[in-house]
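Those protein sequence lines, which keep their order, are chains A and B.
Here our numbering is used: the first residue of the first sequence is 1, the next is one more, and so on.
Here our numbering is used: the first residue of the second sequence is 1001, the next is one more, and so on.
Keep in mind that a hint or two might mislead.
Taking CB as the label site, the calculated pair distances span [to be verified]:
1) B:R1266 / A:G79: 41 to 51 Å
2) B:A1010 / A:R166: 28 to 38 Å
3) B:R1166 / A:G269: 17 to 27 Å
4) A:E59 / B:T1048: 50 to 60 Å
5) B:P1062 / A:S277: 35 to 45 Å
6) B:A1010 / A:P162: 45 to 55 Å
7) A:S277 / B:D1101: 28 to 38 Å
It is worth saying that the hints were derived from the structure and are not from the lab.
This structure is a prediction, so every number in the text was calculated from the model and none was measured.
For each residue, glycine too, the CB sits at the ideal point set by N, CA and C.
There are 2 protein chains.
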Amino acid sequence: MVVPAPELPARVRIHEVGARDGLQNEKAVVPTEVKAEFVRRLADAGLTTIEATSFVRPEWVPQLADAERLFPLVREVSGVELPVLVPNQRGLERALALGADRIAVFASATETFAKANLNRTLDESLALFEPVVRRAKDAGAWVRGYVSMCFGDPWEGAVPLPQVVRVCTALRDMGCDELSLGDTIGVATPGQVRQLLTALNADGVTTATLAVHFHDTYGQALANTYAALEHGVSTVDASAGGLGGCPYAKSATGNLATEDLLWMLRGLGIETGVDLSRLVATSAWMAGRLGRPSPSRTVRALSPKEQ
Amino acid sequence: MVVPAPELPARVRIHEVGARDGLQNEKAVVPTEVKAEFVRRLADAGLTTIEATSFVRPEWVPQLADAERLFPLVREVSGVELPVLVPNQRGLERALALGADRIAVFASATETFAKANLNRTLDESLALFEPVVRRAKDAGAWVRGYVSMCFGDPWEGAVPLPQVVRVCTALRDMGCDELSLGDTIGVATPGQVRQLLTALNADGVTTATLAVHFHDTYGQALANTYAALEHGVSTVDASAGGLGGCPYAKSATGNLATEDLLWMLRGLGIETGVDLSRLVATSAWMAGRLGRPSPSRTVRALSPKEQ
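Starting from the given sequences, assemble the full structure and let the hints guide the process.
Spelled out as structure tokens, the structure:
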């Protein structure tokens, strides 16, 4: 039943991260051809932005070590944008050489995560990204900046708002076209979401350039998304079938499931262009490949049989 | 991290339904002494309203066939209200005889569910409840009216809003002190929630007399709860550990988990009086008794070891 709520966006673009953020955090390493099929099926379900892979050093993330083989298999899929993550200049060159025209960099809002993830201070990590973003822009690419740990950090706990805003504005000033505000450990609640969005607007970062990226570790992802929609956010990251564990929490508590998001958006009359049945079928298929049930409640409820 | 959102209630009363709605829908039949221990632990965690059991005919709901033995074991627990469900006059007399002073009746917003649940038309079922509510009020009891299938019905699909409002106002007119608006099959989205609350207010049903009761079949329960809080609702039903399957959906997709709700309320700075750690420990203990992991994401994330 469709009942719109006032003042929500008429249309939301789902930035599908299952093939990258999802599979990167799954224990299993999925064969390249299965990944390619996954991306094709996601596109067939109507998703228009599908983050395809990450050009990290293969030994860092074995799950995505096949980026060079995967990307050529999917880059001709029609009607979709296929952003890829790059950790540094070398990863960027690998991606550009294969024809990638949507690039994402992955920054942290906290010192400790910058240290853990990149072995650098926050400022050093931003200095590292600056030439990467510039080179990507010079090559004509669209650039997304991920900002992880925006709402909490497993070591530091609460993250000071001015620090998050500083990282966001730095990425914006480098030339990022879009920022994805990440709740990497899933601790945020709606008041925090509103507070950060308001603070970013006050510093001149417009809502149209912002995406939200929630993890469902504590079951908060969809409520936080709703709060973001109320603020006017119209780009939402989600992972088909809820793929992607989180190293700081047990079992199936990874990304917001695209299907659960889609159920809400459909009910609110918000256009996405995505076909729920096809997406559920795709996630049920992928769950079979991974050998475990999908953590998405919508996938479980709508799948024809117990996975 | 606590960040309030404007215009939300300062305090929320959680109406804990795990021991009744939760266990009623679990496959396993839990021993009476374990149920009593569960209620005591819930009270110890700070919950002040714990629905204890249902005085249905034992052959209808074998899981709750021990109401007569259970209620005396818990009625002296201090600091808590212990509402009990009664299906009819006979169940009410059984409950009153044991000293119950908080009574709940379970109505349906749809013809087909009234038929399936009570083998009566909607009007016949309301006529059945009228003397039950009157007798309970005459006996000095506080009465809650559950209205199930407010947002969708497995047979009828969408439920006409005027019909839901009619059932609610009928229960109010009988003398119910509180109405619990149930999304029994978990299909609602936030626009529907706002629409129903607004319609009820327009018919003179005040928000202070309303509770919301969401099932998480499609992962929507917490987002819907947030929308209800924004409307001013300050009584929320939830089930410790997310206990309670749903006959129309598979596996662990029952009630909103009290812990997931509590994580959000804590983050929003909304008082509940409930201690999250104690509640998680209780749900982890109960999951052990039931022999399956809790479906609550917060319970999974905070439990000391894999259940």
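Hints versus structure:
1. B:R1266 / A:G79: 41 to 51 Å: Holds: the Cβ-Cβ distance is about 43 Å, inside 41 to 51 Å.
2. B:A1010 / A:R166: 28 to 38 Å: 33 Å, holds
3. B:R1166 / A:G269: 17 to 27 Å: 25 Å, holds
4. A:E59 / B:T1048: 50 to 60 Å: Given about 54 Å between the Cβ atoms, the range holds.
5. B:P1062 / A:S277: 35 to 45 Å: At 36 Å between Cβs, range holds.
6. B:A1010 / A:P162: 45 to 55 Å: Roughly 28 Å apart at Cβ, these two residues miss the hinted range, so it is violated.
7. A:S277 / B:D1101: 28 to 38 Å: About 49 Å separates the Cβ atoms of S277 (chain A) and D1101 (chain B), which means 28 to 38 Å is violated.
Checked against the numbered hints above, the structure violates hints 6, 7; every other hint is satisfied.
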